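Undergrad: Each chain, letter by letter, is given below.
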Amino acid sequence: KQEVTQIPAALSVPEGENLVLNCSFTDSAIYNLQWFRQDPGKGLTSLLLIQSSQREQTSGRLNASLDKSSGRSTLYIAASQPGDSATYLCAVRRANDYKLSFGAGTTVTVRA
Amino acid sequence: DAMVIQNPRYQVTQFGKPVTLSCSQTLNHNVMYWYQQKSSQAPKLLFHYYDKDFNNEADTPDNFQSRRPNTSFCFLDIRSPGLGDAAMYLCATSRDVSEYNEQFFGPGTRLTVL
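Protein sequence lines correspond, in order, to chains S and L. Numbering of the first sequence is given in the working numbering, commencing with residue 1 and proceeding in unit increments. Numbering of the second sequence is given in the working numbering, commencing with residue 1 and proceeding in unit increments.
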């Protein structure tokens, strides 16, 4: 069974600081890893998808890295803004499986 | 814009009163999923359809059922909601289940059980 852990559960930073969010998983045999954003009471917005053969993906201020052998992914958000305040979830798709295994998320607050 | 749509966004039902949640998609994806997310917890897969093939997760309660009448629509039926079924219900789609496929989520339906 794939276990996905996100630490810390919550994070508060001043505006402009870079954010570093961590995700770890127990089974390194994966197809891909997705990072999602969830605003309070809303659905999930896909931010980045990293395939198992890739080491990182970038989109604007977001950069996600993947170290499959150690079972870790990190999401970097550069120059954080109050609008980045949300819960960020990582989800892993195991090889030969269809479903995503989610972490419980890291709730980020960016203070103006 | 192609998207995943869920209706209603908020649903209130009474203990034991059947309720149906709706999901539709304009992405023409083959796979549709239903997840349950309780407060401050990770989303948990209930079941999914690959075309018309239904796949139930082993730990999904019998109280939960699903229908997919066509490619675009998928319904979640809760036969006798209990207080523990209050949650956000998320619908997602993917083109298929190959390793390169990404899941796209709808806005969710928040279910309250009184």
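In case anyone wonders, no lab produced these hints; they're calculated from the structure. Do not take every clue at face value.
[To be verified] With a straight-line cut-off of 25 Å between C-alpha atoms, the simulated DMTMM-like cross-links for lysine to aspartate or glutamate are:
id	chain 1	residue 1	chain 2	residue 2
1	S	LYS1	L	ASP62
2	S	LYS68	L	ASP85
3	S	LYS68	L	ASP77
4	L	LYS38	S	GLU17
5	S	LYS68	L	ASP62
6	S	LYS99	L	GLU99
7	L	LYS44	S	GLU17
8	S	LYS68	S	GLU15
9	L	LYS52	S	ASP97
10	L	LYS44	S	GLU15
11	S	LYS42	L	ASP53
Computed from a prediction, not measured in an experiment: that's the story for all the values here.
Undergrad: Which hints, by number, does the structure contradict?
TA: 2, 3, 4, 5, 7, 8, 10 and 11
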